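Chains as they are written, first to last, in the UniProt record's numbering: chain A, 1 to 319; chain B, 1 to 319; chain C, 1 to 319; chain D, 1 to 319; chain E, 1 to 319.
A hint or two may mislead.
Heads up, the list lumps identical chains together, so a pair's fine if it works in one copy or across two of them.
What the hints assert, rightly or not - In silico lysine-lysine, DSBU-like type, Cα no more than 30 Å apart, as pairs:
hint	residue 1	residue 2
1	Lys304	Lys241
2	Lys213	Lys104
3	Lys215	Lys241
4	Lys8	Lys104
5	Lys213	Lys304
6	Lys241	Lys8
These are calculated hints, taken from the structure and not from any lab test.
In this text, all values refer to a predicted model and were calculated from it rather than measured experimentally.
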Amino acid sequence: MTLAPTQKAPLDVPVALRPLYERNFQEMTRGTGRLMLMAADQKVEHLNDDFFGTGISEDDADPEHLFRIASRARIGVLATQLGLIARYGADYPGIRYVVKLNSKTHLVPTRLSDPESRQWLTFEQLDRFRSASSLPILGVGYTIYPGSRAEPEMLREAARLVFEAHQRGLVAILWAYPRGEAVADERDPHLIAGAAGLAACLGADFVKVNEPKAKDGRNAAALREAVLAAGRTRLICAGGKETSVPEFLARLHAQIHEAGAAGNATGRNIHQRPLAEAVAFCNALAAITLEGATVEEAMAAYRKELSLSSPPVGRSPAS
Amino acid sequence: MTLAPTQKAPLDVPVALRPLYERNFQEMTRGTGRLMLMAADQKVEHLNDDFFGTGISEDDADPEHLFRIASRARIGVLATQLGLIARYGADYPGIRYVVKLNSKTHLVPTRLSDPESRQWLTFEQLDRFRSASSLPILGVGYTIYPGSRAEPEMLREAARLVFEAHQRGLVAILWAYPRGEAVADERDPHLIAGAAGLAACLGADFVKVNEPKAKDGRNAAALREAVLAAGRTRLICAGGKETSVPEFLARLHAQIHEAGAAGNATGRNIHQRPLAEAVAFCNALAAITLEGATVEEAMAAYRKELSLSSPPVGRSPAS
Amino acid sequence: MTLAPTQKAPLDVPVALRPLYERNFQEMTRGTGRLMLMAADQKVEHLNDDFFGTGISEDDADPEHLFRIASRARIGVLATQLGLIARYGADYPGIRYVVKLNSKTHLVPTRLSDPESRQWLTFEQLDRFRSASSLPILGVGYTIYPGSRAEPEMLREAARLVFEAHQRGLVAILWAYPRGEAVADERDPHLIAGAAGLAACLGADFVKVNEPKAKDGRNAAALREAVLAAGRTRLICAGGKETSVPEFLARLHAQIHEAGAAGNATGRNIHQRPLAEAVAFCNALAAITLEGATVEEAMAAYRKELSLSSPPVGRSPAS
Amino acid sequence: MTLAPTQKAPLDVPVALRPLYERNFQEMTRGTGRLMLMAADQKVEHLNDDFFGTGISEDDADPEHLFRIASRARIGVLATQLGLIARYGADYPGIRYVVKLNSKTHLVPTRLSDPESRQWLTFEQLDRFRSASSLPILGVGYTIYPGSRAEPEMLREAARLVFEAHQRGLVAILWAYPRGEAVADERDPHLIAGAAGLAACLGADFVKVNEPKAKDGRNAAALREAVLAAGRTRLICAGGKETSVPEFLARLHAQIHEAGAAGNATGRNIHQRPLAEAVAFCNALAAITLEGATVEEAMAAYRKELSLSSPPVGRSPAS
Amino acid sequence: MTLAPTQKAPLDVPVALRPLYERNFQEMTRGTGRLMLMAADQKVEHLNDDFFGTGISEDDADPEHLFRIASRARIGVLATQLGLIARYGADYPGIRYVVKLNSKTHLVPTRLSDPESRQWLTFEQLDRFRSASSLPILGVGYTIYPGSRAEPEMLREAARLVFEAHQRGLVAILWAYPRGEAVADERDPHLIAGAAGLAACLGADFVKVNEPKAKDGRNAAALREAVLAAGRTRLICAGGKETSVPEFLARLHAQIHEAGAAGNATGRNIHQRPLAEAVAFCNALAAITLEGATVEEAMAAYRKELSLSSPPVGRSPAS
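Chain A extracted, bound-state conformation (with noise of 0.2 Å):
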């Protein structure tokens, strides 16, 4: 499965910025089309149950953690929430970033109230904050919940927000998951394909999914209908609960060449491991997205990196 390396910029991006935008995308993707986004509104979405408690490192318990993978690790982007990159940032000028521009915590269950999740920030105020911070902050990302009693105006603000990246050539990423009282299976590969559909319409260059669960197990098969579905608009998926490395890329290599998928959007299995091997996993999941190597050879260079940071697997030095 062949991506083209740029994306064209859509016809809402302002010609003069039309540039900008393809190297927006280019460095996102470097160079391949494909995207290996670092997810990390985390602290937002899970509060701290991705970040502290039994399985996870030490080192997850520091949100400068989250900056430091991302700064050694060769990542597509960091994608986190404005407060977070403002207070960091100065001191990791070299990662390229996306804002995050809406999150919701998971307190309120489906079951008290349908998902809800509002734009933080307006895009006059992000545009003083890239002028003024000059860090590389490559595009934004924002999420729908289709089926929640909220859609209307979530979707209305989604296009306003894809509009308004696209007028000032960053790129728009949208994290599509169908949820609340009306949504019986979330990850029902059909409804799945319509959340990717729907963000294509809503002029999304990315859209990040769930998997599906297919109901003959083969998962990766039954995101090809998403794929589909989002045309144009190159479609990723998250990465979900952990599970062990090789299951991981085995499971990213099938979206990527089974279903067409166009990279990896992956949180907490990266940062709740320890530093070291934080970025060796990323930089594994990096080697399938966009290096084009096997799982075997992925996973080769995922133990090589180990062994050589930290002898023995441990908690990593801080940095």
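With chain A fixed as given, assemble chains B, C, D and E onto it according to the hints.
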């Protein structure tokens, strides 16, 4: 039943833009006063249900299918979301577009909440897009749900949308679907006539309604009330679920010649077919709508075009 | 009961525009201080119920019927939505218009939700329309529902609407209908008087209320409380459902001469008749409202006009 | 209990406008630091209940009655809605006005919905009115309902209203009534003290509360907690339902001299009387509030004034 | 546990304002990096409950008590609503202020509705106040309720508030209290850590949380998770209900030295005491927070100061 080939500009079109409005109207109706609207907002409205599954051509899995059809068939306009137009428009500059400015998914059933759909982009944003894209955008579309608890906000939004469209010389089309807990029978002829009259009061140039279901089965006759209620606002009917081609054409012919409808708005009946078949079907609709053909003439042309383009009928080659 | 022929401009009319306000008031009341308002907002408020069906002239199926009547009869103003005015106004430049700025359908019953109706167009939009259309727009109208849970937002909107109308020298008319789960009896005289006083506090020039239902059957006498409560805000009564012509005229005469009402607001009683009959009926209302006629004088004129225009009484010829 | 005759301008009054603020304060309190506020917002708050019916003077049926009283009696200010001020103000330029910027009807009971009342006009609109009307508008009023589910929006609106009033050198008065499903006892002294302190935090110059109901019957003593809680924000008490004149005066005297209240806000107790009696009653209130009279002195003056103006006591002649 | 005495300006502080931000930070923390925040927003949050009643000094009935304490004690900042600052600030120009920009009463229980508190004044209004008042306003405060159904709107408002504070060189402090029907245990250490991390993502400079309740009773140790989760956002603990002075000081000492907290936020424990005692208590807190004192040293100083100022301990003389 005769229609003036040009809709005189309503008075909320500024004097200087009346020629533009009338040109937009004429291009949209191909100089006939009747509209062949290819409705392609279903990737949001119905998610992937209309695009993937049993009885649907594999061509339809790819959003570009919509543009391939619209660029080859004799349609008036393609109505879809701006995200798709921005993404594919550069490759399909010959299509005439209507930007559908609101859309919702069908996930939340009326049982859980009355329908609500909000305007995605502002007119100020649309202006920027129109000038930067140089695509032929002739009008805008918006769906209202009379009878929904969200009606007050949606009527306000619709009235402003029509007004602002006219202020720019654009044609305004309202999709008017009575729906909500309060609506017992969405297909009641009298209720649909009410919705058509409401659209006229909102200033719409065209109103798209569902075909009513008459107690005596004479739906086209029952539609006459709605055509009258709409007055100078021209009425078109949604295509509905798939039926056989001859039945579909006969229904359209009756809507135009018995009820006085000013065209058709057809979606899944077109795009669920393979490309060549979809184009031929579109042209058959156009023959009735725009060229005064009889059902028999349209069927003959359809069969001829199909036999030429794809012997035997099957999946069309990728364009 | 005597009324000053001119309403002195309230102080929220800027000094420079007070002559315009007073001219608008005089034209609207034809120099009498009393208002003959042809209410034509029912295509939204009642959908097609008032325009099609048993006992309704076929003329009424076409929205233009409203303009045909208004252009031929001695009315003060025609009150309807801007969409219709924009569509038909160029052909009926001699009608004096009041733009009804909010409207809702009757689909959602109070049992499901309290009534809510929001302002469709902004005054900035209305300004653009007034200057581009050059139609004689003398005022604006807005409906409030005291007792609805939506009351807080609607009172705010009404107050601002009256203020902004006055800022432009326009006359402001409020339709005031107590309604909602909290309202046990919408026709209670004391409650209607309260609504009239509320409209005065909102700054309305005219308030249109439903005729109260008095326990002793003396409705006009019961209306007196409302006329007093409105103070310098002039009160007019809605026409209500169809009754016989003599009864209708007698009721209007009593409202004006017993209660002190400043005119009438009549809709379906006018437009459900064939054109000639509708014009004659309007003129009979005008005779009582504007010319001080007795019921007998008005009936005589009505009968004479009818006999001249359409022997025998039937469907009027298309205009 | 002594009060400074002038309220020092709070720091949100711009330096250049502090003299205006202090002049407004002094005029409003007639140089005493105490406020005699004639509350006349009831035509909205209570509809016609306070103006028509058994035991209410016929004079009160006409809204102008409020202006007739206010122009003849020794009050500090008349507080009412802008609509009435705009309509009658030109004939009563000598009255000092407070514009009550929000109001609601009493139709929706707390059982159906918590109370909510929103700001009718913006300050930008008020500015236009002030400059065009040249009436002496000294301040603005706004009601808050602590304990209502609508509290968040109303506190925000109140805070901004006080701030914007001060920005213009106007005096800000908050009506603070704890109410809603969450409020068990609206007259609890401790709760009323809380409401008074809340008004202070919102920046109010005066706070109007209902007189608390003390368990031991010593209401004025119980009010002391609220006066203290309000700090430099001066507290006045609502007049409440009608009681005998001596009782009313005695209660007011106790509020001022036992509790430290800074005046009174009286409505229906004034305007439900015939004009002459209403004026005399106002003057009796003023004697206690503004002139330091004892209850006996005020009663003597009241009886004398009444006997002079209208022997025998009855309906006052129309002004 | 060491803290840098200056918080480096985050990147959303414009370059030109970074010196101002750092000066504000240093003044607020008195050059120590730790914050002694006198919390005085309770007149809204708890109405008069914290200010009047058994066990509360009579001094506390008067709002000025807060300013008397703050002007005499070694605090960092006084945090309260703008209304009070505007009213008393001219007499207390030496106090450093944090404007608490939202507040709600405690009247509506979670059982009736999830908590919601909205921003009272805009930053544009705050700017006008800052320039007109010339008071030393060093920062702003805002409360969020993660887990409330009102969370989406409040997170948006909080993110914008932090951003706009930084745009002006002001320090931003978030009060973060998980609360709502969805929140089973507001004092759960893991949940409080989540709230602290959330505040970091929102960009807060300081986050104020309630002290967690550890199952093993070691609350300060349990607080460590939250301090880590907050990263470079400094965490302070609310004081909570009154305890004995030595216990209170020991708890604060543990929060700072065991958990790594960056100070304290104390309200009713301070102001419910008579003036002299409140000042001495503040100074004891400051000794621990700002001067590195042990609990014993702070107690000794407290006892000495008390014995000097008011033998015997009792109601302090009015200032």
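Any hints from earlier that this structure breaks? Give me their numbers in increasing order, please. 5, 6
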